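> What follows is the residue order along each chain.
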Amino acid sequence: MTLLLRTLLLAFLVTTAAVAIDNEPAFEDPAMQARYDALIRELRCTVCQNQTIADSNASLARDLRREVRRLMEEGRTDQEIRDFLTDRYTDFVLYNPPVKPRTYLLWAAPGLLVIIGLGAALMVVLRRAKAAKDNPAALDADNETGSP
Amino acid sequence: MKVRLGVLVPLGLFVVLVGFLFFGLFNDPREIPSPLIGKPAPTFNLEELRDPEQVISNGSLAGQMYLLNVWNSSCVTCRQEHPMLMQIARSSKLPIIGLNWKESDWPEDPEVGRARAISWLSRFGDPYTKIAFDKEGSVGINFGVYGTPETFLVSPDGMILAKHVGAITPDVWREKFMPLIGQPQGSAS
Amino acid sequence: MIPELGHFALILALLLAAAQGFFGIVGASRGNVAWMRAAQSAVTGQWVFLVLSFGALIYAFIQFDFSVRYVAMTSNSLLPLFYRIAAAWGGHEGSLLFWGLTLATWSVAVAVLSRNMPLPFKSRVLGVLGLVSVGFLMFTLFTSSPFTRLMPAAADGNDLNPLLQDPALAIHPPMLYIGYVGFAVAFAFACATLIEGRQDNDWARMARPWTLAAWLSLTIGITLGSWWAYYELGWGGYWFWDPVENASFMPWLMGTALIHSLAVTEKRGLFKSWTLLLAVGCFSLSLLGTFLVRSGVLVSVHAFATDPARGLFILAFLVAVIGGALALYTWRAPALKSEAGFELASREAFLLFNNALLVAATGLILLGTLYPLVMDAMELGKISVGPPYFGKAFLIPMVPLVLLMAVGMHAIWKRSRLGPVMHLLWILLGAAVALALFVTLVVYEEFHLMGLVGFTVGFWLLGSTLVEPIKRFGGWRTLPAGFWGMTAAHVGVALFAIGVTGVESYRIEKDISLGIGDSTVLEGYEFRFDGTKNVQGPNYRAVEGTVVITRDGKPVTTLHPQKRFYASGGNPMTEAGIHGRLRRDLFVALGEDLGAGKWSMRVQYKPLIRLIWLGALFMALGAAVSATDRRYRARSKVSAAVMTGHAAGEAAR
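Protein chains in written order, with my numbering: chain A, 3 to 150; chain B, 16 to 204; chain C, 174 to 826.
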């Protein structure tokens with residue numbers, strides 16, 4: 003009986019003691035808490051020099067975290083919460099830029115650059131391979147491995 | 016010929032880059048333009064700073080154009096802007112509504128902040144017809160405020176016509192606000 | 174008096190740099206030996222005066238000379254000696270003087286260590302370096318002099334930014350600058366080659382050890398910055414894709430491409446114009462980084478206080494240096510042709526793919542960093558591009574790169590001869606997948622797709638890198654330094670990949686508020702908070718918490734996170750409590766005092782995070798070892814004679 007009581011007490015202590023660094027209680031549901039943690043890490047602090055509202059100690063950052071929490075408790079979705087903030091502060095507040103026509107280039111860039119780069123490299127390689135095939139004598143016999 | 020063109024690419028890209036960097040030198044990367052221009056001002060219902068019994072809301076302000084000036088007593092730039100506000104209050108018919116935002120920081124009691132704000136006004140002058148006391152800070156957020164001072168111009172039917180971040184100087188008043196206000200306001204420079 | 178002497182020395186250094194630039198370049202094109210030698214002397218002179226100048230600045234700091242504005246802004250009477258000296262390079266003005274000094278040091282090193290370089294070429298190299306020095310020293314002297322006096326003298330100084338009062342962060346800027354500036358050497362070699370219209374590849378062999386040294390320094394500088402951010406900023410992050418961080422990462426990536434490309438040009442005379450372009454590009458990115466940090470164009474926690482006038486000066490400097498070099502390139506590059514061939518799966522091919530991916534990675538970081546500025550310029554509104562974008566985007570070129578590395582390092586020059594080794598590599602891949610599955614499912618008990626991919630790629634690369642050393646066991650003494658350097662560096666990449674995978678896939682962070690005696694559990698570790706006490710430091714007072722960590726009842730460690738309040742004011746600084754092991758870090762940072770003995774804090778479990786910095790150190794070690802390879806030492810007078818013959822032939826034209 004005492005063991006049960008002690009375990010319950012410890013659990014109680016841990017859960018009520020689990021106040022977030024926001025000084026407000028963490029979400030009861032760990033999935034909600036995880037959602038919250040993820041959201042505040044992609045939202046930008048509007049008064050800071052390039053920090054998320056999760057990392058910033060600024061007073062407005064704390065207020066914005068509180069707004070996010072309030073909206074989550076109201077049952078809003080992640081996108082609705084982002085919209086709430088962009089309606090007030092523009093896309094500036096999103097570190098994960100939304101996919102819109104004006105950011106298509108940004109999001110396409112990694113794939114595009116890799117394809118263009120590898121493509122150009124491949125073209126050069128194929129040309130040289132053809133040159134090697136056409137003129138095998140030009141390739142001397144001294145090959146080396148491991149010679150960086 | 017193909018080689019010639021390819022060789023120009025690095026230099027060409029560099030020129031484009033320099034163009035953007037040049038622009039960047041004269042641009043403020045931290046200034047956020049307001050997405051609320053041309054949209055209805057967010058509704059609010061707040062206590063009057065100087066009289067907790069009174070309530071300030073959009074409803075009570077409708078029917079006339081007004082300036083909404085966001086400030087608090089620890090804001091140094093607000094102090095610098097204050098004489099200009101006093102002058103606008105004196106010389107123009109445009110009411111200036113104050114929004115006292117983030118006067119107190121956790122863990123300070125908001126009432127302590129209220130008292131401090133009132134004494135600041137009695138020291139430096141009070142240009143405000145009414146002052147809404149934003150204890151929670153959420154009305155400011157609804158207006159997209161991210162610093163003080165910020166000033167909004169609201170039309171008689173409650174639409175936001177303009178927003179200015181930073182102190183209102185005579186130039187700003189003349190070039191940004193007066194054209195939108197339209198009616199003769201008397202000299203305010 | 175001393176600051177004025179320092180100022181005067183700076184002026185003399187500028188004049189000597191101008192002489193170096195003029196005599197170096199004009200002397201070489203006129204074939205005037207006296208002038209060319211004068212350029213060499215000018216280098217030494219410039220260096221001496223910059224040493225004196227910087228020495229004067231350090232003296233002012235040591236002596237608490239608050240009549241010098243820069244000293245008053247970045248130190249105060251309570252600042253310990255070590256940090257007073259570090260403050261000399263901690264602020265904008267001092268760091269520029271340090272840049273100038275570093276550039277002069279590299280230049281002197283080139284002058285002294287390149288005995289067998291033909292005089293005209295050497296003069297041109299020193300001449301280019303001199304011109305770059307002129308730009309920097311002019312910028313320092315005219316817009317950012319550290320010797321400006323404050324009248325009347327300040328009673329006490331502002332203090333060095335408390336964030337910078339830390340050993341790692343004191344050394345981080347010098348290491349970075351040594352790296353950035355070091356790329357100027359390769360840049361100068363490239364410019365000299367372009368000016369001369371050279372067709373040979375000796376410049377590549379000569380440039381390589383200098384590039385390795387610069388890259389090594391940059392690697393250490395970036396690593397120190399990341400390590401510092403981790404333990405100092407309190408949030409346990411090691412990289413934020415902040416514009417200034419990106420500004421250091423881009424020259425590093427391009428520098429990596431350059432090191433590999435130089436190998437091809439040196440060995441087979443291929444990719445001549447591409448390697449020249451990369452050499453110009455690396456230093457250009459260094460200069461661009463300098464611009465971005467000091468101009469106010471981008472928002473960053475790292476940025477120095479900004480001033481559009483300074484920004485304009487740097488931009489003009491950028492246009493002159495980079496524009497000039499690119500114009501040279503555009504003029505000369507078409508004439509640089511090589512006809513040599515190589516097969517599809519040869520070393521050359523793999524190195525070309527390596528370059529393509531590294532340059533693609535550099536390009537995408539540049540685009541992401543500048544995109545908000547571009548959008549603003551085109552009036553398309555404000556956006557922010559941060560870690561959620563970069564984290565995903567960067568993997569796209571990197572994963573293929575690491576996969577290609579694992580195969581490519583076994584390729585031989587000219588021919589496709591991978592057949593035999595591929596068999597072994599496939600087996601290793603299978604083993605890597607199995608090991609990765611084991612680590613994700615059994616060790617960390619959670620399936621994570623990117624974790625699986627990351628571990629597979631890292632383990633495979635590690636295995637692949639060890640194939641050759643193991644195969645050649647017994648004959649290690651015959652293997653050149655270059656081989657060991659490559660091996661070490663590639664091991665470093667593998668460790669880095671494994672570390673990043675571990676920490677990104679399996680880290681756990683918990684914000685919690687604990688009273689005295691309360692505890693919380695994280696991944697089997699119990700963290701018990703035993704309260705706080707006040708401690709006093711030289712120029713701060715702190716609240717120090719005690720957190721006892723146990724596992725299964727057995728003690729693991731006791732951590733003492735602090736929250737420091739510096740005498741000079743400003744925000745409190747967190748000093749995290751960290752218990753580090755290769756397989757995981759345990760991390761505690763204090764948050765806020767909630768009253769009644771209760772504190773909010775953040776506890777974290779960070780698996781494999783140390784491998785990130787260990788991997789980077791291995792990369793740096795690899796570069797150091799490679800640079801000692803015999804073939805870079807004073808080669809032969811034969812080759813010098815050949816080069817002089819070229820130059821003489823040209824001068825005669």
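These are calculated hints, taken from the structure and not from any lab test.
The reader is advised that the hints may include incorrect statements.
[What the hints assert, rightly or not] No farther apart than 30 Å at their CA atoms in a straight line, the calculated lysine-lysine pairs in the BS3-like style are these:
1. A:K135 x C:K440
2. B:K108 x B:K54
3. B:K191 x B:K54
4. B:K54 x B:K150
5. B:K145 x B:K54
6. B:K108 x B:K191
7. C:K565 x B:K191
8. C:K644 x C:K706
9. C:K727 x C:K683
10. C:K565 x A:K102
11. A:K132 x C:K727
12. A:K102 x B:K54
13. C:K555 x A:K102
14. C:K555 x B:K54
15. C:K683 x C:K706
16. C:K644 x C:K440
17. C:K727 x C:K644
18. B:K150 x C:K565
19. B:K108 x B:K145
20. C:K440 x A:K132
21. C:K565 x C:K683
22. C:K706 x C:K771
23. A:K135 x C:K510
[Claimed, not checked] Incomplete in silico selection of chain A near chain B, CB under 10 Å:
24. E44
25. T48
26. V49
27. S61
28. L62
29. R64
30. L66
31. R68
32. E69
33. T88
34. V95
35. N98
36. K102
37. Y106
This structure is a prediction, so every number in the text was calculated from the model and none was measured.
The C-beta atom is built at its ideal place from N, Cα and C for all residues, glycine as well.
> So, for every hint listed, does it hold in this structure?
Hint by hint, here is what the structure shows:
For the hint pairing K135 of chain A with K440 of chain C, the CA-to-CA distance comes to about 20 Å; that is within 30 Å, so the pair holds. Simply put, K108 of chain B and K54 of chain B have alpha-carbon atoms about 24 Å apart, close enough for the 30 Å limit, and the pair holds. Taken as a hint, the K191 of chain B and K54 of chain B pair is honoured in the structure, with Cα atoms around 18 Å apart against an allowance of 30 Å. Distance hint between K54 of chain B and K150 of chain B is fulfilled; the C-alpha atoms sit about 24 Å from each other, no more than 30 Å.
Restraint check for K145 of chain B and K54 of chain B: the C-alpha separation of about 23 Å stays at or below 30 Å, so the hint holds. Proposed proximity of K108 of chain B and K191 of chain B is supported: the alpha carbons are some 17 Å apart, at most 30 Å. Restraint check: the Cα-Cα separation between K565 of chain C and K191 of chain B comes to about 42 Å, which exceeds 30 Å; the hinted pair is violated. For the given pair, K644 of chain C sits about 58 Å from K706 of chain C by alpha-carbon distance, which is inconsistent with the 30 Å threshold.
The hinted pair formed by K727 of chain C and K683 of chain C meets the criterion: a straight-line CA distance of about 22 Å does not exceed 30 Å. Proximity of K565 of chain C to K102 of chain A is assessed by CA-CA distance (about 18 Å); at most 30 Å being required, the pair is judged to hold. For the given pair, K132 of chain A sits about 67 Å from K727 of chain C by alpha-carbon distance, which is inconsistent with the 30 Å threshold. For the given pair, K102 of chain A sits about 22 Å from K54 of chain B by alpha-carbon distance, which is consistent with the 30 Å threshold.
Of the supplied pair hints, the one linking K555 of chain C and K102 of chain A holds, its CA atoms being roughly 13 Å apart against a limit of 30 Å. The suggested pairing of K555 of chain C with K54 of chain B holds, with an alpha-carbon distance near 19 Å, which does not exceed 30 Å. Straight-line distance between C-alpha atoms of K683 of chain C and K706 of chain C comes to about 23 Å, which keeps the hinted pair within the 30 Å bound. A C-alpha spacing of about 24 Å is found between K644 of chain C and K440 of chain C, which places the hinted pair at or below 30 Å, so the restraint holds.
Distance check on the hinted pair: K727 of chain C and K644 of chain C sit about 44 Å apart at the alpha-carbon level, beyond 30 Å; violated. At most 30 Å may separate the alpha-carbon atoms for a hinted pair to count; K150 of chain B and K565 of chain C exceed this at roughly 40 Å. With a CA separation close to 14 Å, the supplied pair K108 of chain B and K145 of chain B stays within the 30 Å bound. The straight-line distance between the Cα atoms of K440 of chain C and K132 of chain A is roughly 20 Å, inside the 30 Å bound, and the hint therefore holds.
For the proposed pair K565 of chain C and K683 of chain C, the alpha carbon gap of about 24 Å is at most 30 Å, so the pair holds. Taking the CA atoms of K706 of chain C and K771 of chain C, the gap is near 13 Å; set against the 30 Å cutoff, the hint holds. Simply put, K135 of chain A and K510 of chain C have alpha-carbon atoms about 19 Å apart, close enough for the 30 Å limit, and the pair holds. Checking E44 of chain A against chain B by beta carbon gives a least distance of about 17 Å; that is not within 10 Å, so the hint is violated.
Proximity of T48 of chain A to chain B holds as hinted, the smallest CB-CB distance being about 4 Å (cut-off 10 Å). With 10 Å as the threshold, the beta carbon of V49 of chain A comes within range of chain B, its nearest partner Cβ sitting at about 5 Å, so the hint holds. Of the supplied interface hints, the one on S61 of chain A holds, with its beta-carbon coming within about 5 Å of a beta-carbon of chain B, less than 10 Å. For the restraint placing L62 of chain A at the interface with chain B, the shortest Cβ-Cβ distance is roughly 6 Å, inside the 10 Å limit, so the hint holds.
Evaluation of the R64 of chain A hint against chain B yields a held restraint, the C-beta minimum of about 7 Å falling below 10 Å. Contact between L66 of chain A and chain B, as hinted, is supported at the beta carbon level, the nearest pair being about 7 Å apart and thus within 10 Å. The interface hint given for R68 of chain A is met, as the beta carbon of that residue sits about 8 Å from the closest beta carbon of chain B, less than 10 Å. The closest approach between the C-beta of E69 of chain A and any C-beta of chain B is roughly 6 Å, which is under the 10 Å cut-off, so the hint is satisfied.
Interface restraint check: T88 of chain A against chain B, minimum CB-CB distance 7 Å, threshold 10 Å, status holds. With its C-beta approaching chain B no nearer than about 8 Å, V95 of chain A sits inside the 10 Å limit, and its interface hint holds. About 17 Å separates the beta-carbon of N98 of chain A from the nearest beta-carbon of chain B, more than 10 Å, and the hint is not met. Taken as an interface hint, K102 of chain A does not check out: its beta carbon lies about 14 Å from the nearest beta carbon of chain B, beyond 10 Å.
With 10 Å as the threshold, the beta carbon of Y106 of chain A stays out of range of chain B, its nearest partner Cβ sitting at about 19 Å, so the hint is violated.
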